[in-house]
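Visitor: These are the residues of each chain, in order.
Protein chains: 4
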Amino acid sequence: MGNTFGHLFRVTTWGESHGGVIGVVVDGCPPGILLTETDIQPELDRRRPGQSSIVTTRKESDTVKIVSGIFQGKTLGTPICMLVKNEDARPEAYSEIAEKFRPSHADYTYFAKYGLRNWQGGGRSSARETIGRVAAGAIAKKILKTRYNVQILAYVKQVHKIKAKVDINKINNEIIESNPVRCPDAEAAKRMIKLIERIRSEGDSVGGIIECIALGVPAGWGDPVFDKLDADLSKAMLSIPAVKGFDIGSGFDCITMKGSQHNDPFRMKNGKVVTSTNYSGGIQGGISNGQPIYFRVAFKPVATIMQEQQTVNINFQNTTLKARGRHDACVLPRAVPIVEAMTALVLVDHSLRHKAQCEDLQAPL
Amino acid sequence: MGNTFGHLFRVTTWGESHGGVIGVVVDGCPPGILLTETDIQPELDRRRPGQSSIVTTRKESDTVKIVSGIFQGKTLGTPICMLVKNEDARPEAYSEIAEKFRPSHADYTYFAKYGLRNWQGGGRSSARETIGRVAAGAIAKKILKTRYNVQILAYVKQVHKIKAKVDINKINNEIIESNPVRCPDAEAAKRMIKLIERIRSEGDSVGGIIECIALGVPAGWGDPVFDKLDADLSKAMLSIPAVKGFDIGSGFDCITMKGSQHNDPFRMKNGKVVTSTNYSGGIQGGISNGQPIYFRVAFKPVATIMQEQQTVNINFQNTTLKARGRHDACVLPRAVPIVEAMTALVLVDHSLRHKAQCEDLQAPL
Amino acid sequence: MGNTFGHLFRVTTWGESHGGVIGVVVDGCPPGILLTETDIQPELDRRRPGQSSIVTTRKESDTVKIVSGIFQGKTLGTPICMLVKNEDARPEAYSEIAEKFRPSHADYTYFAKYGLRNWQGGGRSSARETIGRVAAGAIAKKILKTRYNVQILAYVKQVHKIKAKVDINKINNEIIESNPVRCPDAEAAKRMIKLIERIRSEGDSVGGIIECIALGVPAGWGDPVFDKLDADLSKAMLSIPAVKGFDIGSGFDCITMKGSQHNDPFRMKNGKVVTSTNYSGGIQGGISNGQPIYFRVAFKPVATIMQEQQTVNINFQNTTLKARGRHDACVLPRAVPIVEAMTALVLVDHSLRHKAQCEDLQAPL
Amino acid sequence: MGNTFGHLFRVTTWGESHGGVIGVVVDGCPPGILLTETDIQPELDRRRPGQSSIVTTRKESDTVKIVSGIFQGKTLGTPICMLVKNEDARPEAYSEIAEKFRPSHADYTYFAKYGLRNWQGGGRSSARETIGRVAAGAIAKKILKTRYNVQILAYVKQVHKIKAKVDINKINNEIIESNPVRCPDAEAAKRMIKLIERIRSEGDSVGGIIECIALGVPAGWGDPVFDKLDADLSKAMLSIPAVKGFDIGSGFDCITMKGSQHNDPFRMKNGKVVTSTNYSGGIQGGISNGQPIYFRVAFKPVATIMQEQQTVNINFQNTTLKARGRHDACVLPRAVPIVEAMTALVLVDHSLRHKAQCEDLQAPL
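Chains A, B, C and D are the protein sequences, given in the same order. For the first sequence, numbering that gives the first Met the number 0 begins at 0 and goes up steadily by one. For the second sequence, numbering that gives the first Met the number 0 begins at 0 and goes up steadily by one. For the third sequence, numbering that gives the first Met the number 0 begins at 0 and goes up steadily by one. For the fourth sequence, numbering that gives the first Met the number 0 begins at 0 and goes up steadily by one.
Isolated chain A (complex conformation):
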């Protein structure tokens, strides 16, 4: 279980990293939306290996094919299935892993849970699974953009100790994509690239922070109590491989503020309700308030490193392991489209939930 996300815009992914094909099915997509592979592929290209000098050199074109749910260029309202073939699988690179649990990977926990595991490239726990999320997220982004003019922008905010300076009022897609690290601060980006290259040459890895902002979300999305909009965003982010933390608005910094500083005063501006500050991060009581939604996601350093590590083998004996193969020394540049995709999935689902329950408030009931 656990391979489906969403309540009304339901996304189910499947496939192992070395299993021939990986895919996703989206159920609940509204009908009549213009959609072709050209809406999906650019997002996958932002996620794929080999896209730049600072990511893994594995070669995967990650070409998506839509095999259902579209007719004459439009969504039918029926499930949209998308497939991507795995190409550059080298199972021999994983022979040692068949016998040993990689530290801080899911090898041991999958074995503990299921009694067996696909040790080729991490099997189901591989980040290749996120292809399906990005493909589904591309549809969600299109719906949000076309229907509500909602824009979702994620970017690398910090790599190891290098922090970017970002004015969230001045970022856009072009700026984010202007360097391979996807950091809007060009100067910081340069230092991040250097750091990542050095870390990779050391056979080590680093983590960092991705910040994400959603602009244009109208007030009223999100369900109270358990399915709060921020709660769903938090789950979405923690479901991404390597994520260790999430905070929204003031986030962990709220701790050292007092209520008198932290509260966001409401003000009227051009006939609309706005807040003078936005420590709430655009969500209050689990429901959007019309202000920009922004949050941060902490990614740990990649678990695969080219150094000898202590571990245990499948016969439960102490041993050591040194990874081979081609890996990312820093996962953040490729994780940016994943963060955006998951954000889009949460938002589009709540847009449909809101539509179902709360529309036509003025209906004479």
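If you're looking for bench data, these hints aren't it; they were derived computationally from the structure. The reader is advised that the hints may include incorrect statements.
Because identical chains cannot be distinguished in the list, a pair is counted as satisfied if it fits within a single copy or across any two copies.
[Said to hold, decoys possible] Simulated pairs of lysine-lysine, BS3-like, Cα-Cα distance not exceeding 25 Å: (1) K160 <-> K193; (2) K84 <-> K271; (3) K321 <-> K268; (4) K169 <-> K271.
Using the hints provided, position chains B, C and D relative to the given structure of chain A.
Guide: The following block gives chains B, C and D in isolation, referenced to the frame of chain A:
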């Protein structure tokens, strides 16, 4: 929607803060478990107003009554409904709020979503809703303790800038409950109490961090991909009122570590697989690895403060508001049992999910 | 599990027949709907014991109280909880049942499933549980009527071998309610009443057929494949105690027709698409086609009879049992509002699902 | 929505009849089960076109490929995706249908719901969708057989007015498969074959009844109230294309029986609780009682007939339509494996639900 939590151990809460009665129904509880109100009430007592000098002085006995699902002292396997009466409601204290949106509360967003709202004490967005969570969580805790000897301990780790020193190997319920702030560091607790009292006298509020640890969770709980154990914990925590952030294991601190430092080496110890360090926080690939699970939750300063604030009224005019009534200056002491309850709900649900899918691995299929 | 019905209009019932209180919570109800107990009580009155000479003489006022989700007479969009007290419980009438499994009741299967059971009046398997359904259904009916002018009419079509003649174009609520058996054919109703009274005097019981018709459902409700509108109706009906069969439109009679007879030709009439015949029963491919929806539900003779029967006791020995207490000899008159309620729950849920996914087809996407 | 079935053993199908590929993903399958395409293909062969002289002559090999969830011949516990290519698509046969709504098909309702439709072969409403169900059902059948020795046998009980005589104690797979109509009464089967051939030559179609029996289901499966085992079976059956009715045990015949005849007395037999009769059909209060489960499913005559029919075109004008192409004159022989598959999906899901909640009743709680 959004008032149900869990997949197999399903908890649905309802009720407004001033609506006469508030309640919860638990569907999916295993049958045959000894259960009476005495299993539930102590947890509610830890959450209720008026329990100590540093919390709100509202008087609510919060006495729970189980009205279904129990027969001759045992759970029937059918839905368990629990009711708690609201006693100390003073609607007159809210007359001003009927006309104005309180800053950083859910007043405006509920209005934006639903077109109307119960302005008495926040209605559904009141933290009184968490009574149902704590009651359901008490059942979950009992099941986890009796079946698996899992123990869940939450405590106040930080209030504003006062940080507690906590050795997670030495804490227990008694130590946590030894002071009204529920901080295991007695010296820090004293300072926290003083701070909270001073802040209250200033009509202001403060936030902080609650840390939670779950001991005894066996390896194998959690579902991969979307319903990762840490993703579900994260959603559970962000669903608690006033929470702005969640991180697990190394959490946000992972950012400045390298993979070679952050990876947790597996080692054999007394015939069991353990890890030398636990930066993973007991969960890898979304599945428990048998090590202690620990995470942090950031609570913002309470939004209700006794100071004049700028806001907007329901006629969309700028105005000011100064809260009246009896409120907490710091919500953390009372939030400790809520964090534990939500943790228990996530864990018991995943224990049942694991049982359904993965048990009898050795069955000759 | 299994105590929740619906996807967007979610209904959860709880309570045992002798447990003090029985209730229901409705999550997902649209906000702003005028709603008071006076919308609910009349439906409960149609279901309650003691309402006429041909039903059980147990005395239950079944007075409903709404305890959440309403403010100033309108739905808040938050969960609506409704409670009904059990009044005329005589546990002593059930002492023998504590030791013996009643034939064709759920006593044995509950025991087999859960290892224990509440033997007082059938506990959770009692038809008292349907109070919650009827209360929730009353809200659903109001929404359907007010928003879409959908009308749901169920009535007794057959009791044992007495068949009513019903022209579905001429029935309405008044005709159905004009006799205690709720059969629109007055002459057949008289014979049914006589039969039920005779059967009761013999300590026996009879079953029959309830037919239900939904008028005004627009074309387009229902989801293809698994959640077909007729599939959901079928599940809803089979979930009612004592139901053994469901068929829709031509139903089981379709078997002896040929395709050339059975197909419903489409025709234009007053600018609208209609069908000349309606063997489809208003649903094609799982989706409503705008014609009247009608279906039949087969109810078995009540399992409780005042005659000695063979059975087994809880020590697994053969024995005999003769029921005592006050029971219905024919459940159909009281089941009519239950059939209507479940129909309304299915329809309102699909109206919301349709709204979420398919509205705004002309949006320029 | 509506393309997923099951709560713990979750089956999602997708694909249109002429869309290149059709598929299914199964989430929640227990790990460690030996599984290859050879477990799936035989069931698909029973469903595929062209398998005998009395079914459609379309040529589809319906070869299944498992593309995820299996490793070294065993299930991983992760989603199992299975794909089947569409081969014999002749879109030109459907050009007229692009303009006209076929009577008693889903053409009009899909158009009404979604505002557009894939008119090639019925698109998503085509019975080709059931390939995914049969493939998933094959896995469910294997689990039920291996774990619980549960056997599911469906067969054609009636075609038009020809009724088979079947002794449910003497049927098995071989007898059912001994003739192309899948009727265990060899003599009736011959007459059915002749009838179907004659009807086809007339360009007409016929319906009938499939009966299904599940042997070996232990007492205790099924959830009370809404998710009753018979309610879920009923929904499963009504979700199959062309089904108009479902009844279980005595079914619609219960109407003319009295309680004293209809009740199933419990008796001890070889130390086990059995019933002398089985009018309940193996389910009481929604939960299995250990007796054989049996039910009937009514299939309407196939809507596609080779005769001129009145209908409406997409410009909402009256017109006529005469189908072309290759179709079944009677769908029942090919529907037998679909009925078995859906039965298996319901049963395996409830086996897992029961395992999750009710196992370990003797645990010292």
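Visitor: Taking 25 Å as the upper bound on the Cα-Cα distance, should K169 and K271 be classified as within, between, both, or neither?
Guide: within (22 Å within a copy, 53 Å between copies)
Visitor: For K321 vs K268, is the C-alpha pair at or below 25 Å within one copy, between two copies, both, or neither?
Guide: Cα proximity of K321 and K268: across copies only (22 Å, versus 59 Å in one copy).
Visitor: Classify it for me, K160 with K193: is the Cα-Cα distance of at most 25 Å met within a copy, between copies, both or neither?
Guide: Only inside one copy: K160 and K193 sit 13 Å apart there, 36 Å across copies, limit 25 Å.
Visitor: Using 25 Å as the alpha-carbon threshold, which applies to K84 and K271: within, between, both, or neither?
Guide: This pair counts as neither: shortest intra-copy Cα distance 48 Å, inter-copy 39 Å.
Violated hints amount to a single one, hint 2; each of the other numbered hints is respected by the structure.
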